[in-house]
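Fit chains Z, L and X to the known structure of chain F by using the hints.
Chains as they are written, first to last, in the working numbering: chain F, 1 to 333; chain Z, 334 to 666; chain L, 667 to 999; chain X, 1000 to 1332.
Because the hints were derived from the structure by calculation, they are not lab data. Some clues are possibly wrong.
[As the list claims (entries may be wrong)] Sample of chain X residues at the chain L side, in silico, Cβ under 7 Å:
| id | residue |
| --- | --- |
| 1 | S1178 |
| 2 | F1190 |
| 3 | G1329 |
[What the hints assert, rightly or not] Computed list of chain F residues with no C-beta within reach of chain L, every gap over 10 Å:
| id | residue |
| --- | --- |
| 4 | W115 |
| 5 | L124 |
| 6 | Y166 |
| 7 | V279 |
| 8 | L325 |
From the three backbone atoms N, C-alpha and C, an ideal C-beta is built for every residue, glycine too.
Protein chains: 4
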Amino acid sequence: MADGASYSVLVAGASGYAGALAARLVERHPRLELAAVTSRSDAGRRLADLYPHHRVDRELEELDLDRHARVDAAIVAYPHAASAPVVAALRARGVRVVDLSADFRLRDVATYERWYGAHPEPALVADAVYGLPELYRDRLRDATLVAGPGCYPTATILALAPLAPYLDDVVVDAKSGASGAGRAPTDKTHFVTVDENVSPYGVGRHRHMPEIDQELAARGARDVTVTFTPHLLPLDQGELVSCYATLTEAVDVAEVFASAYADEPFVELSARPPGVRDVRETNVCRIHALADERTGKVFVFAAIDNLWKGTASQAIQCLNLMLGLEETTGLLP
Amino acid sequence: MADGASYSVLVAGASGYAGALAARLVERHPRLELAAVTSRSDAGRRLADLYPHHRVDRELEELDLDRHARVDAAIVAYPHAASAPVVAALRARGVRVVDLSADFRLRDVATYERWYGAHPEPALVADAVYGLPELYRDRLRDATLVAGPGCYPTATILALAPLAPYLDDVVVDAKSGASGAGRAPTDKTHFVTVDENVSPYGVGRHRHMPEIDQELAARGARDVTVTFTPHLLPLDQGELVSCYATLTEAVDVAEVFASAYADEPFVELSARPPGVRDVRETNVCRIHALADERTGKVFVFAAIDNLWKGTASQAIQCLNLMLGLEETTGLLP
Amino acid sequence: MADGASYSVLVAGASGYAGALAARLVERHPRLELAAVTSRSDAGRRLADLYPHHRVDRELEELDLDRHARVDAAIVAYPHAASAPVVAALRARGVRVVDLSADFRLRDVATYERWYGAHPEPALVADAVYGLPELYRDRLRDATLVAGPGCYPTATILALAPLAPYLDDVVVDAKSGASGAGRAPTDKTHFVTVDENVSPYGVGRHRHMPEIDQELAARGARDVTVTFTPHLLPLDQGELVSCYATLTEAVDVAEVFASAYADEPFVELSARPPGVRDVRETNVCRIHALADERTGKVFVFAAIDNLWKGTASQAIQCLNLMLGLEETTGLLP
Amino acid sequence: MADGASYSVLVAGASGYAGALAARLVERHPRLELAAVTSRSDAGRRLADLYPHHRVDRELEELDLDRHARVDAAIVAYPHAASAPVVAALRARGVRVVDLSADFRLRDVATYERWYGAHPEPALVADAVYGLPELYRDRLRDATLVAGPGCYPTATILALAPLAPYLDDVVVDAKSGASGAGRAPTDKTHFVTVDENVSPYGVGRHRHMPEIDQELAARGARDVTVTFTPHLLPLDQGELVSCYATLTEAVDVAEVFASAYADEPFVELSARPPGVRDVRETNVCRIHALADERTGKVFVFAAIDNLWKGTASQAIQCLNLMLGLEETTGLLP
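Chain F on its own, in the form it takes in the complex (with noise of 0.2 Å):
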């Protein structure tokens, strides 16, 4: 494609948070076009109304292959189970594809299927790319199927990945804002639920644990036990992951993390400990590493917005990359 011509693209379940924002980052895009906007439950309505911040004003469509299919890609925010055969039906008409749901992101089947049940399309998970950059940056041009990185692991692989080779124990608490909790009004979710308390959920079952493991393994870590623990906080976007790790042998902490890093665009190494507000609305993760003389181990703190790197703007960082276009194309600020 000529030099500075447009992709379409479009976003399937537009009508949460992840997808109302991908919307949103797509159609902003230099180089994007946002071909439609679809949803399940809210075909109909206008995306305005329902997230007037976001200023797209584009009417929610039932998704319709016949119409929605002829564009250069997609990103489709449904829940996992739902996703898959959807992505299946896009793929089938040559659409690239940014899957957010968990479907594509564990590369065996049989984990999957102990943390989320049966698998719609096994077959297809063979041909996803995880889609981090900073780990599969070249995998990523090439890819016409990618699988958007949960929040917490995005967090988490990035916080952890430069040691992963030297990693014996790791203690992950995380903290993450209400908006990770999902559009779905519930008594979790619930105003006077969440302000002025804080409490951890999913002890010792977080879907997201088996991804983490996945990623850490593949970069190196040995039989490495991640406790992961996340908790709730009274704030809508950011997430924090605090991790705690002894190392099998001496590293230099600040020469690893500055090695790995030192040319990624959205990754900031902070002489501080990053709070979250520190990455609001932007597609960066900020991280604060170092070697605790007191007890010799590591601590690790990484700061996201959930729906920004941890979810949407991953998904067009990956786009970029999937379609040849410069990989910061629309996510700088």
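Okay, now just chains Z, L and X, sitting in the frame of chain F:
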């Protein structure tokens, strides 16, 4: 009943915010005994699981009048229209009732029906006393049916009643925390909707308006137009009404309020504008009134906790009066 | 200057909330170049350390006119009285200035001095154009000194200007997030003071009042009393003004607003009451106006981001006009 | 002293968050009498103006030992180093003291001096009993000097003490509301800094660490490394510690906790992870402990209100013991 004896109290509808707090206040009251807590939606669950911070370890039951009506009094925390039949049944068995719904607040049934639809028990309306002790103390001592005021009317009427005969034009801009919207999870009460936000709602048509008009008229207001607009704030409990009024004649505002509320145990006149924090988890209404020279208007700011003085603790204040107890029993900090 | 060329801009007072945001907006503006950022209190520190989320990695310098006045324009974000002398010095060297303080907002020096004390540069007052593009677009194109409006006046004047000739009695109840109180840590801005709270402040004596009176009079209001009361809310950025007005004659409210703002790029007329979330981090003022049948009044609700349209992004909008650029450059989402 | 008689109590340093709350709890206590409230910074102001919600209408005075030391007991809420001399002077006059500073928490003076600097009254250290009633109940009954624990140590020690003999490697990720940072307004406690944010602080060097080490060792922990990292959350009161531990031998976690805390009036064992809302404004520590099969670790989550059980109400609990009162007096909900 002998001095020091206890009165048994049923709380019907105890799974909502107001009912649950009423149950807690009854349980800790030195002269009341919590006979039972019932719930239409959560029967079988324990109140301490729904609301750990209330520490009322009782099982919610289905309401069974044969068992539950053998009490001295009941607090009914049902939605309007659902409440009146339960109130009628309890009264038929001789139970004194404080009803927290709108069903008995409006003395004119036609007005009720214009705002809420058909009234299920219009014959009972004449028996009800409006449960604002500062205005109806004497009648509450003899009452067997009390209509607990709405939270906004509680603050607004306390703010304006002393000036009622002189009021000409009144603008009430009201602000409430999210607990005022009730426990049901909806788009409007989702943390992400409320957080970092403020917006008006019910503009020009909030159901608390006729109640305010009724009570100001009862205090001598003539043909007063009250403009009332509530706003939803990112906090859980607390309500502030900001009232801006034109008066028909010059009055000494400080004197009017001092004489109206000098002996009130739960009205505080403050030299500074109140914040809702000042009254959090108390039965206090804190008021700051002043004559503004620049505009010639009177400003009155009144703060309450919408779940306490605005609903549940005010119900206890009424119960104390109905049962011949000291009005402040169980309510002082 | 040739099409596409850049203009160099100094931001003086860049360590405060408004100045720091102005620096960010200048740095990312396609036609402006951030020449320098200066600070009286934080010279030597890096802006990216004070405000990581702005990602403006520049050192704050002491203001040195010999070096820093060699620019096309300056944004001055000093407190009132401190600002005027710096503005005078910059103008003496031919620099176009947008001043964010109150020093040049009031065209009547006596009024200024009644509210703020002696004016340091009264002779300059007549040169200033009030920096509200929706009212003064043409004059701003020729202006060399622009007085950026206060945040409350921005929202209030946009809410009421279309109705100015018909206004009789106006009550403005304003609500603002804590960033409006500035960066200085005080008892009033402590998290524990603001959180779970709402209270009025500056009752009857807020300094933004005369500015509102001045501009409504300029639009044809006659002897209008504006009652203005701000409230502090537990949120960081965002401002809502709720205006309740009596009109001297019947007007078609929808029509008046539609015709006033039909072509405005940054005023949105909304069919629903706005929330401040709708305009967060944008230069947009979102307005909902309606005639209320019950009271005969007009209600107008206007939401802005106090740091953006209320201060810093509006300054860029003015700069665009002053420099002959497209008004929306660098400000569209 | 005859049954039912009162003990007079001085609260020194009553203008801070902890001291003010202590004054409120003393004033409402059925067996204590608030003799005086003093303040170094706010003498002459009324406590009810600083903290309207406490409703303690007393004037803050300059501390004058000749007048103020004629009491049965004192709660001293001064900063470390400033506290010890006042404590010494009070004790010289026979006053029982609960000190809320760090000055008497560490039994090893050298350790104190490594973390805090020179100790002003090292000779008194040996007299102090650590004010955690769940561990030192008997000794507190005879104590005349009690060192109120830090808020983080209170929650952390209660979470880990039952497991102390089996602990090997412990990671404590702690989360606290902003009141823990004290009343002084700073950049770090500004609403805009805290709101919508979460970040670690005091990484690797928080002063509460040695206190935790000391008490776990006293309960039988051997050579345990405790990794402790606090985080600041956007809420006012509340503290959650999330503890992840490796054990040296298999233990029945549920049994260990049940037997440790079966009779504790203020420790609640919960079947679900606690939220800080569950314990807001109570003297309760709510704990959820579980053995995690996947990792082989023990997880313990403990929630307290940092100003209540973490500081002021725990001081009352200690006072009750010191004065021979029922331990729960004035502290039950």
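A quick look at each hint next to the structure:
With a cut of 7 Å, the hint placing X:S1178 at the interface with chain L holds, because the nearest CB-to-CB distance is about 5 Å. At its closest, the beta carbon of X:F1190 sits 4 Å from a beta carbon of chain L; the interface hint therefore holds under the 7 Å criterion. For X:G1329, the interface hint is violated, since its Cβ never comes within 7 Å of a Cβ in chain L; the closest pair sits about 24 Å apart. At the 10 Å boundary, the C-beta of F:W115 stays outside the reach of chain L, the nearest C-beta of that chain being 34 Å off.
Distance check on F:L124: its Cβ is at least 36 Å (rounded) from any Cβ of chain L, clearing the 10 Å threshold; non-interface status holds. Non-interface call for F:Y166 relative to chain L: holds, since the shortest CB-CB distance, roughly 29 Å, exceeds 10 Å. The Cβ of F:V279 does not lie farther than 10 Å from every Cβ of chain L; its closest approach is about 7 Å, which violates its non-interface assignment. Distance check for F:L325 against chain L: the nearest CB is about 20 Å away, which clears 10 Å, and the non-interface claim stands.
Hint compliance for this structure: hints 3, 7 are broken, all remaining hints hold.
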